[in-house]
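Residue numbers (our numbering), protein chains in the order written: chain A, 1 to 290; chain B, 1 to 179.
Don't read these hints as lab results, they were simulated from the structure.
Just to be clear, a hint being listed does not mean it is correct.
As the list claims (entries may be wrong) - Computed cross-link-like contacts, DSSO-like style, restricted to lysine-lysine with a CA-CA straight-line distance of at most 30 Å: (1) Lys111(B) to Lys55(B); (2) Lys11(B) to Lys188(A); (3) Lys200(A) to Lys129(A); (4) Lys27(B) to Lys200(A); (5) Lys185(A) to Lys130(A); (6) Lys188(A) to Lys129(A); (7) Lys188(A) to Lys130(A); (8) Lys35(B) to Lys200(A); (9) Lys11(B) to Lys185(A); (10) Lys130(A) to Lys200(A); (11) Lys95(A) to Lys129(A); (12) Lys69(B) to Lys35(B); (13) Lys122(A) to Lys97(A); (14) Lys11(B) to Lys200(A); (15) Lys30(A) to Lys35(B); (16) Lys27(B) to Lys30(A); (17) Lys69(B) to Lys111(B); (18) Lys111(B) to Lys188(A); (19) Lys129(A) to Lys52(A); (20) Lys11(B) to Lys27(B); (21) Lys200(A) to Lys97(A); (22) Lys122(A) to Lys98(A); (23) Lys52(A) to Lys130(A); (24) Lys95(A) to Lys52(A).
Values in this document were obtained by computation on a predicted structure and should not be read as measured data.
In case you want the letters, here they are:
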Amino acid sequence: MTLTCEKVIEKDNKKGDIMSGRVIVITSGKGGVGKTTTNANIGTALAKAGKKVVMIDTDLGLRNLDLLLGLENRIVYTIVDVVEGRCKLRQALVKDKKNPNLCLLAAAQTRDKTAVTEEQLKEICEELKKDFDFILVDCPAGIEQGFQNAVAGASEAIVVTTPEMSAVRDADRIIGLLEAREEIKSYKLLLNRVRPSMIKSNDMMSVDDVVEILSAQLIGIIPEDTGIITSTNKGEPIVNDEKSLAGQAYRNVARRIIGEDVPFLDLDEETGVVAKVKKFFAGLIGKEKQ
Amino acid sequence: MKDIFTDLYNKVLGFFRQTEKTEESAKEVACNRLKFVLMQDRTNLTPELMDRMRKELIELLSRYVEMDKEALELGFEQEGNQMALMLSIPVLRAREEAEIEATLAEEDAKKAEAETAEENSDETDSETEDDAKETEENESSEEEAEITETPDTEQDESENENPEETVKTSSKKAKASKK
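Isolated chain A (complex conformation) (with noise of 0.2 Å):
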């Protein structure tokens, strides 16, 4: 898998010098949702994937990129001191502890939302684009000016929702306002927390639910995994771990982004005790009625 991705890279890095990043807002609407986690994972799978990635937090006030990337004590400067003309764009620019592809451009945590504008975050994503191949904001819960800020530079959009209602119908509200911006050129829906057991007893909203009723191209679908928590922890991105199945739905999503055709992983869990029993019980019910 990883073989064919790295020949991916090759060909790209061959089209020529001239950097023109892509700039994809990750966005969700409500809260809780794993917005930040799927930002903290997708860069790093695009970094660790040969890219040259930046990550921009726009949370102001309430900043936590930084903790998931492990990168807390590292930050100097912030995304206002830029603004505010304290620091150049490059030196607020924090490197990651493995990966040298990326980046992050912390958000101020002792600012309000009005402390950057969105003419300013879209100068600030231009300069960006002539030095990255990809440039991931991470956007603020809500609908209201963070979340027109951290859009303002993006063409494209990932929506993370959950199969939850609440996260659904905020989602859908998300893909409204996207629709209403020029700028926005695509937007993807990457399904967070899938919960395949509960989905199969029909007490959650499948992935097709999701995708018939928000009508929107699917990018990924994350399980639910209790590795978030401790990676979080630990401030180390689930990618890293190739054991997990989170991580390794989130570096599909990321060679999906790249250009590649990745089919969805398969969720099913029929393998365990329970469901070879099932599958007895199954059979003799269905000889019973012969």
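Let chain A serve as the given structure and place chain B on it in line with the hints.
Quick look at chain B alone, frame taken from chain A:
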């Protein structure tokens, strides 16, 4: 003995199947509630407004056909990227030509009355009043011409005399209207 057991088995099985069917799963409830609430979100139409729209539609359409007012279904459906307003009307009976013309004439008379009342209250100048009357005459003659055209289409409808025929109309509405 065997028959009794198989009968019992079938009954028990049937009982479980029935309970399964009657109870909606959490997933179905979620889907249906979401679809309903999103319809409101996307169109900015509250249940009250939908009810009003329904009433007005019934009022308008019953001039032309006799329908089952209780069974009229009105709702939004999604077809890919587009929202469609779906209207399903069970037709009870096609109306007689004369009946339709009579109701339409009645409506027109009401309209004309309302218009003249408005004009009389608005305008005090005698000259403009004369002008208004002239245009009014022109308008009413145009309307008459329209009415004479309608019976042709009604005749076509009365030909197929299936009383429970359902007429489906859909008007497409751009999804972009969401704010």
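Tested hints:
For the hint pairing Lys111(B) with Lys55(B), the CA-to-CA distance comes to about 19 Å; that is within 30 Å, so the pair holds. Annotation: proposed proximity of Lys11(B) to Lys188(A) is violated, straight-line Cα distance about 49 Å (limit 30 Å). A hinted pair counts as satisfied when its Cα atoms are at most 30 Å apart, and Lys200(A) with Lys129(A) does not qualify at roughly 43 Å. Restraint check: the Cα-Cα separation between Lys27(B) and Lys200(A) comes to about 10 Å, which is no more than 30 Å; the hinted pair holds.
Using a Cα cut-off of 30 Å, the hinted pair Lys185(A) and Lys130(A) holds, with the two alpha carbons roughly 20 Å apart. In summary, the hint linking Lys188(A) to Lys129(A) is supported, as the alpha carbons are separated by about 21 Å, within the 30 Å threshold. Pair hint Lys188(A) plus Lys130(A) holds up; C-alpha atoms about 24 Å apart against a cutoff of 30 Å. Note on Lys35(B) and Lys200(A): the hinted pairing holds, with a Cα-Cα distance of about 21 Å set against a maximum of 30 Å.
Taken as a hint, the Lys11(B) and Lys185(A) pair is broken in the structure, with Cα atoms around 58 Å apart against an allowance of 30 Å. As the CA atoms of Lys130(A) and Lys200(A) are separated by approximately 47 Å, the hinted pair breaks the 30 Å bound. Between Lys95(A) and Lys129(A) the CA atoms are separated by roughly 17 Å; this keeps the pair inside 30 Å, and the hint holds. A hinted pair counts as satisfied when its Cα atoms are at most 30 Å apart, and Lys69(B) with Lys35(B) qualifies at roughly 24 Å.
Between Lys122(A) and Lys97(A), the direct Cα distance comes to roughly 27 Å. Compliance with the 30 Å bound is thereby established for this hinted pair. Note on Lys11(B) and Lys200(A): the hinted pairing holds, with a Cα-Cα distance of about 27 Å set against a maximum of 30 Å. About 18 Å separates the Cα atoms of Lys30(A) and Lys35(B), which keeps this hinted pair within 30 Å; it holds. Between Lys27(B) and Lys30(A) the alpha-carbon distance is near 20 Å, which keeps this suggested pair within the 30 Å criterion.
Distance check on the hinted pair: Lys69(B) and Lys111(B) sit about 24 Å apart at the alpha-carbon level, within 30 Å; holds. Note on Lys111(B) and Lys188(A): the hinted pairing is violated, with a Cα-Cα distance of about 51 Å set against a maximum of 30 Å. Taken as a hint, the Lys129(A) and Lys52(A) pair is honoured in the structure, with Cα atoms around 10 Å apart against an allowance of 30 Å. A distance of roughly 28 Å separates the Cα atoms of Lys11(B) and Lys27(B); the hinted pair therefore holds under the 30 Å criterion.
Of the supplied pair hints, the one linking Lys200(A) and Lys97(A) is violated, its CA atoms being roughly 40 Å apart against a limit of 30 Å. For the hint pairing Lys122(A) with Lys98(A), the CA-to-CA distance comes to about 29 Å; that is within 30 Å, so the pair holds. The straight-line distance between the Cα atoms of Lys52(A) and Lys130(A) is roughly 11 Å, inside the 30 Å bound, and the hint therefore holds. Of the pairs offered as hints, the one joining Lys95(A) and Lys52(A) holds, with about 11 Å between alpha carbons and a cut-off of 30 Å not exceeded.
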